[in-house]
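Student: So the sequences go chain by chain: A, B, C and D.
Take the first sequence: its letter number 34 is residue 34 in UniProt numbering, and every next letter is one higher.
Take the second sequence: its letter number 235 is residue 235 in UniProt numbering, and every next letter is one higher.
Take the third sequence: its letter number 27 is residue 27 in UniProt numbering, and every next letter is one higher.
Take the fourth sequence: its letter number 146 is residue 146 in UniProt numbering, and every next letter is one higher.
These aren't lab readings, by the way, just hints derived from the structure by calculation.
Please note: incorrect hints may appear among the correct ones.
Away from chain B, derived, C-beta distances all over 12 Å, residues of chain C [to be verified]:
| no. | residue |
| --- | --- |
| 1 | Pro20 |
| 2 | Lys21 |
| 3 | Thr27 |
| 4 | Asp128 |
| 5 | Glu132 |
| 6 | Arg147 |
| 7 | Asp165 |
| 8 | Asp187 |
| 9 | Ala240 |
Sample of chain A residues at the chain D side, in silico, Cβ under 10 Å [stated by the list, open to error]:
| no. | residue |
| --- | --- |
| 10 | Ala10 |
| 11 | His11 |
| 12 | Lys76 |
| 13 | Asn139 |
| 14 | Arg180 |
| 15 | Asn199 |
| 16 | Leu200 |
| 17 | Gly252 |
| 18 | Asp274 |
| 19 | Ile279 |
| 20 | Phe280 |
| 21 | Asp281 |
| 22 | Ala297 |
Think of the CB as a built atom: it goes at the ideal place given N, C-alpha and C, for glycine as much as any other residue.
Protein chains: 4
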Amino acid sequence: MTNEEILDIAHLAHMEIYSPKLEESVTFFKEMLGMNEVTRKGNSVYLRAYEDHYHNSLIITEHHEAGLGHLALRTKSPEALERRAAAIEETGYGIGWIDGDIGHGPAYQFQSPDGHKMEIFWEVDYYDCPEEEKTELLNRVQKRPNRGMPVRRIDHINLLSSDADKNVEFMQEALGFKTRERIVNEDDTHVAAWLSVTNLVHDIAVMADPLGEKGRLHHICYWYGQPQNLIDLSELLVEAGHHIEVAPIKHGISQAYCMYVYEPGGNRVELFGDSGYLIFDPDWKTVEWKGEDAARAILWHGGSNLPENFLAYGTPDRQPVEAEVEEVTNK
Amino acid sequence: MTNEEILDIAHLAHMEIYSPKLEESVTFFKEMLGMNEVTRKGNSVYLRAYEDHYHNSLIITEHHEAGLGHLALRTKSPEALERRAAAIEETGYGIGWIDGDIGHGPAYQFQSPDGHKMEIFWEVDYYDCPEEEKTELLNRVQKRPNRGMPVRRIDHINLLSSDADKNVEFMQEALGFKTRERIVNEDDTHVAAWLSVTNLVHDIAVMADPLGEKGRLHHICYWYGQPQNLIDLSELLVEAGHHIEVAPIKHGISQAYCMYVYEPGGNRVELFGDSGYLIFDPDWKTVEWKGEDAARAILWHGGSNLPENFLAYGTPDRQPVEAEVEEVTNK
Amino acid sequence: MTNEEILDIAHLAHMEIYSPKLEESVTFFKEMLGMNEVTRKGNSVYLRAYEDHYHNSLIITEHHEAGLGHLALRTKSPEALERRAAAIEETGYGIGWIDGDIGHGPAYQFQSPDGHKMEIFWEVDYYDCPEEEKTELLNRVQKRPNRGMPVRRIDHINLLSSDADKNVEFMQEALGFKTRERIVNEDDTHVAAWLSVTNLVHDIAVMADPLGEKGRLHHICYWYGQPQNLIDLSELLVEAGHHIEVAPIKHGISQAYCMYVYEPGGNRVELFGDSGYLIFDPDWKTVEWKGEDAARAILWHGGSNLPENFLAYGTPDRQPVEAEVEEVTNK
Amino acid sequence: MTNEEILDIAHLAHMEIYSPKLEESVTFFKEMLGMNEVTRKGNSVYLRAYEDHYHNSLIITEHHEAGLGHLALRTKSPEALERRAAAIEETGYGIGWIDGDIGHGPAYQFQSPDGHKMEIFWEVDYYDCPEEEKTELLNRVQKRPNRGMPVRRIDHINLLSSDADKNVEFMQEALGFKTRERIVNEDDTHVAAWLSVTNLVHDIAVMADPLGEKGRLHHICYWYGQPQNLIDLSELLVEAGHHIEVAPIKHGISQAYCMYVYEPGGNRVELFGDSGYLIFDPDWKTVEWKGEDAARAILWHGGSNLPENFLAYGTPDRQPVEAEVEEVTNK
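Bound-form chain A, shown alone (with noise of 0.2 Å):
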């Protein structure tokens, strides 16, 4: 616990992946998840779910291989911004100031100990909805598309991390993150950590990488709050020939009812088909799963079991050297 509580940021904004199949990406997020395309810009283009009020949640880009572009947060002020700057600029992971990107303005750039890209901003564009595409629903930002399963907004973003209590601990001690549920090994090192700015479990999971690599993605995640809404999501997948790694499961973890697919440029998303639970008292304890209880945190209901390469596969994709498997079997 930090002696004084930081309470400068308010939630997560958008996302960057990598893809080296752009366009079938592109097509993935907006054919089967109902996202609008909003803009484009060199090899990037711009994304939003319907009930996301932002100009955009996420970027795809381009690249050799699949990956973690940046992920962005929203601080709650603009002085909030100057001093979480200052902060991370202490730390010696700060990479510096950006004029601002379509649909924000100036960021303060740096990494994660692990080498996720990550900024944090406050002036932001809102969504500006075409006439036709308005709704009645005044707390809506656009028409819910007629395309897909569309999902509502941005949730959460998932890391791997080579050295899970290192960036644990920087996402606490510099942007103010609460660790709401962990997953630890016998001598309390991490497995896994769930942290959140919001009332929600989390919005940003650090995991540790099995293959010991620095800087991947895990998962990017984003919600429908209806559990029906994963199976017809699932039937319109495996018809148009996507692989789904995981079929609707309950985690215990924030008794989310969700499931995993690989998207075309090969970076694993979760949907999350209902509400969870969600923190309210500001004096939570983190929830910490050890052992035999492990299991119960990932499968709650049991009954199934995970592909064996869940934890391990990452974007980018990486094959794990025999010498570091044995190493994470003898934990």
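For chain A, the structure is supplied; the task is to place chains B, C and D on it using the hints.
Tutor: What follows is chains B, C and D alone, placed relative to chain A:
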């Protein structure tokens, strides 16, 4: 196809299972599945779901090991009963008439080629609902019970057979069942068949027993019709310490959204969580799954694995003889 | 009850509706309900749902006013077709044989006592699915369409009648329908009846027309089987500017979770959002709702009101003559 | 907007309602909503939902008429409690400190301008779960109860006010609530406002009392998060003889799928059946509904009507004085 269509059997009316832990089994069906205990006789307990119209749909009888007691089919008329009894008599699989049991009148008993005990009857007792349990919903037999996640009605039964082909043929020829879907080996012998006399895809399923045993039970099935009910039930089951063998999944065959759990006596129980699909076409061509397609037949949405012994586990539980297992594997 | 049970009719095969706005109606069924346009002939468009097995289940024909074109029932065999044609001929309601239409062979046409046009046929064309639309789910005819909230199959049709008793009797005596549930006046005449030849509670419903008009259509119904689908569809409909007459509710009769919307031509369309309940008892006693119970028959969960003209609105739309309305009210 | 953002209140912690039928009310919350009775003191019964983390979230106190006892907010820290108490003291609406109650420590009590009694506190007792009720789901406080359709947690409270503007302003200025959505009259005065200090759209709502009464309660709300749970609960409620005022509907405001029922004491209870939408934008602009839009705010999917006195019925129940009703109508 038979030259002349047999239209004498109406539906699956009740099932008797054996349990070495009678009281624990009864408690499971009452407290978890919300069924009612109607009466007891000898070492048998008679139960029903709240939308079952007859006196009972499940009998649990104390026995040294789990398994099938018998299954009962109701005919469409008294004449249909006479006709079928005579026809079965001729097959050589007949046992003979009994005066009836609690809940129904005279029944003709027989066995499948594999030795599964069955009976057919016409006269039936409708459930005599106590005044305080009567509901204003006039098409429902009694109020929905306020405990567990109450199943609505009996659905189907699945039998393991040492010779699936022969048992499927018997169901078709002697009883008029139609094969709605089947999984076949390369040589066109049955891995499994789903048969019905109703608009359901199956009232009875027959599966080849990987252990080559005779007359075992794979599972009985009760019906909800609502996917969410399976998720709610899973919460109750897990926290009550029951073993969910397969958490909610989507079968390709019958399009069932379903799950599997072991009742305390060891019998597998399926819960059917949506409406699957119905067959109205009077000239239905059996849907046939073969080779690589078979995986989709079992796990339509992919993404999970069934436990290794899903096909081999049945009641009574038998240990595979090594030679037999190899033979199975070689297929 | 008839002395001899008639078992010749298999199910409701297709429905023809009239629309004064052909293209708008077609767009509604395609874009909102995800149906496919199979072909066109003259001023008629032939459509089907993705789990309908035959060539078509809906024909929309341009006409100066909305209403029923005809409904078609498939028989259980060629012999059943001959038998029924002869029997209907004798009732005096016969029209005569036609060679067939797109999608089916020779049909015998007739009308209900109220003048609703009907036909029965045996030979049918199955949908010839284009290669790219074929699915690995072998019991499904084509892939689930990726637009709208796609209905799965035809469910039932509901007819308004100037003389409900006479029309119900005709369906029973000439066609073998069984009355599964009914609402009756104090003098035991029908307010409405739900009839079927399948395990469904109704393939066809007949309701007394409060305006005393002849041969009107109350609604056609398509089936989803999943409650959430109605909520998702409602989002699409409202934002596309369609008029939802009744948002999702729970009927007591048939236990349907359902909703009602007007298609652009003016015909009412019901969407069936769960599995209701099924009838397997071969000796089913008609469920009878009377007096105060009738409110529960319509709105089982209570708490909302149907619009005032829910019973009186039908197609073609007719203005109530004052005297007629009083008469209705006095009942 | 205030110049300086107040961040002292964490969330709605518990609610006290009055009931003239204490035991019947308690039975309703226990048997229908699956809540637990934690303890009793004097003529008060303390209850909680199975995912409520604190000792209790609902107190039912015997009283000659139904209505609000008080509502309680937890602060974010001991310092926040001191700051708020001092600030409220200055408004003149303060009552004073109490030592605490069962389940929490020292609390500062005050009233809204309309006289609704409120309190804020920091120290809280977590629920001390009996060993046999503990669950392996470590983020859940106790096992899901096996009776009724158990609500998961407290959600929000809705207050009727003789002067909505003044009460909304008080909640904003003294407590730091933000107005997330509101319905306004032509002169920009409030019909209703939805306010929160969390990511929820509302922890507290304030609605103009059409009868002009002071300090009445419109409803309390508990949360499920799953639409199907409302349908299942409706079955239990109707068959137990409870009055469902509004069967499950979709609000535009907060996108709640919800229903309303009267508990036996007369207080209206809302059940929240999905996740609605969450607000993460730190610069959220209040969504404003006016004129014709207001109908969509209440019934987004249209198609049903709320009962006539949905807005005017509150507890304690008051008969409208004729003049008052006219005045309301003139607005």
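Student: Would you list, in rising numerical order, the hints stated earlier that this structure does not obey?
Tutor: Per hint list: zero violations.
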